[in-house]
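Engineer: For what it's worth, my numbering labels the leading residue of the sequence shown as 370, then goes sequentially.
A couple of the hints might just be wrong.
As the list claims (entries may be wrong) - Computed cross-link-like contacts, DSBU-like style, restricted to lysine-lysine with a CA-CA straight-line distance of at most 30 Å: (1) K522 - K405; (2) K522 - K651; (3) K465 - K651; (4) K577 - K651; (5) K577 - K405; (6) K522 - K577; (7) K405 - K465; (8) K522 - K465; (9) K405 - K651; (10) K465 - K577.
Hint data in this document are derived by calculation from the structure and do not stem from the laboratory. Keep in mind it's a predicted model, so treat the numbers as computed, not measured.
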Amino acid sequence: MTLVTHPRDRAATDVGPASFEAGLDASASDFIQLLKPRVMSLVVFTGLVGLVLAPGHLHPVFALTALLCIAVGAGASGALNMWYDADIDARMSRTKTRPIPMGRVAPQDALAFGLVLSAISVVFMGLVVNVLAAALLAFTILFYVVVYTMYLKRRTPQNIVIGGLSGALPPVIGWAAVTGNVTIEPMVLCAIIFFWTPPHFWALSLVKAGEYGAVGVPMMPNVAGPESTRRQILAYALLLAPLGLVPSLMGFAGLLYGICAGALGLAFIGLAVRLFVQRTDKAAMRLFAFSILYLFLLFALLLVERVAGLA
């Protein structure tokens, strides 16, 4: 793979996608990798929970179409993110093996791939499901790609806080796919993901602060410092734990969910306190790993209760 300099010979901190010379041997797996399948799986799962919890009934074919559109839209966002961030991806250990930095997929191909999938997901959602769900999906894609990736990520340490809205909207889209409207219940689910996002990503950024600093991405530890970041992680954990109980308090989740959400919230706070006290990479990665489990279990409990008729 040969790195081709940009016409402006810009630095990695400049805004815009890098240009790479790619071969003609891109495989299907390379394009699948562009979709960020691990991120996509979480997006689809939270969208499914919103769909199942929504009152009313959606024909299984339409429900499957809605989930597929959410998945394709999320994947399209990932591809466009990789296209735009290829320059910094090439310089970070966590991302340097992605298809564009490795030269397996040309940037223009990734761009076209992402744009086509974005259009397909929104159009199909509108034609097969409903216009509101399609509009929410379009907003989510645009917010992630334009607001977060192109504007916030390289300009402010609040990039994850504000940009987290895009990752928090799938349950709202799922709910709207069934009901054709948005009520307080899906917004509570959205808020849980929104407040979960900063401590989740900041825990990782404490470990990767040096790499983010080297490529000019102003993550919180690089701008405010590790001490401030750990305090903010703890503050978000203290907000997130009671927020996780709200579905049970509002009545759209049952007792099982409430008990487990309380225990998980206390564990989250405990790990945030440990990170604040110990100040080690091990403590940060432990919180990062647990945060993934935390969100998955909360939404899995909501799904299990509803399917089992417990809520």
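Engineer: Has the given pair, K522 with K465, been kept, meaning a C-alpha gap of at most 30 Å?
Structural biologist: Judged against 30 Å, a Cα distance of about 18 Å means the pair holds.
Engineer: Next pair to validate is K405 with K465; report whether the Cα-Cα distance is within 30 Å.
Structural biologist: Given pair K405, K465 holds - Cα atoms ~14 Å apart, limit 30 Å.
Engineer: Need the status of pair K522, K405: alpha-carbon distance at most 30 Å?
Structural biologist: Status holds; Cα separation ~18 Å.
Engineer: Does K651 sit within 30 Å of K405, going by the straight-line distance between their CA atoms?
Structural biologist: 25 Å, holds
Engineer: Taken at face value, is the distance from the CA of K651 to the CA of K522 at most 30 Å?
Structural biologist: 26 Å, holds
Engineer: Quick one, are K522 and K577 close enough, alpha carbons at most 30 Å?
Structural biologist: 15 Å, holds
Engineer: With the threshold set at 30 Å, check whether the alpha-carbon distance from K465 to K577 stays at or below it.
Structural biologist: Roughly 14 Å separates the two Cα atoms, so the pair holds.
Engineer: Are the Cα positions of K465 and K651 separated by 30 Å at most?
Structural biologist: 23 Å, holds
Engineer: Please verify whether K577 and K405 have alpha carbons no more than 30 Å apart.
Structural biologist: With a Cα-Cα distance of about 19 Å, the restraint between K577 and K405 holds, given a limit of 30 Å.
Engineer: Within 30 Å, alpha carbon to alpha carbon, are K577 and K651?
Structural biologist: With Cα atoms ~12 Å apart, K577 and K651 stay inside 30 Å; holds.
Figure legend: structure checked against the earlier numbered hints; every hint is met.
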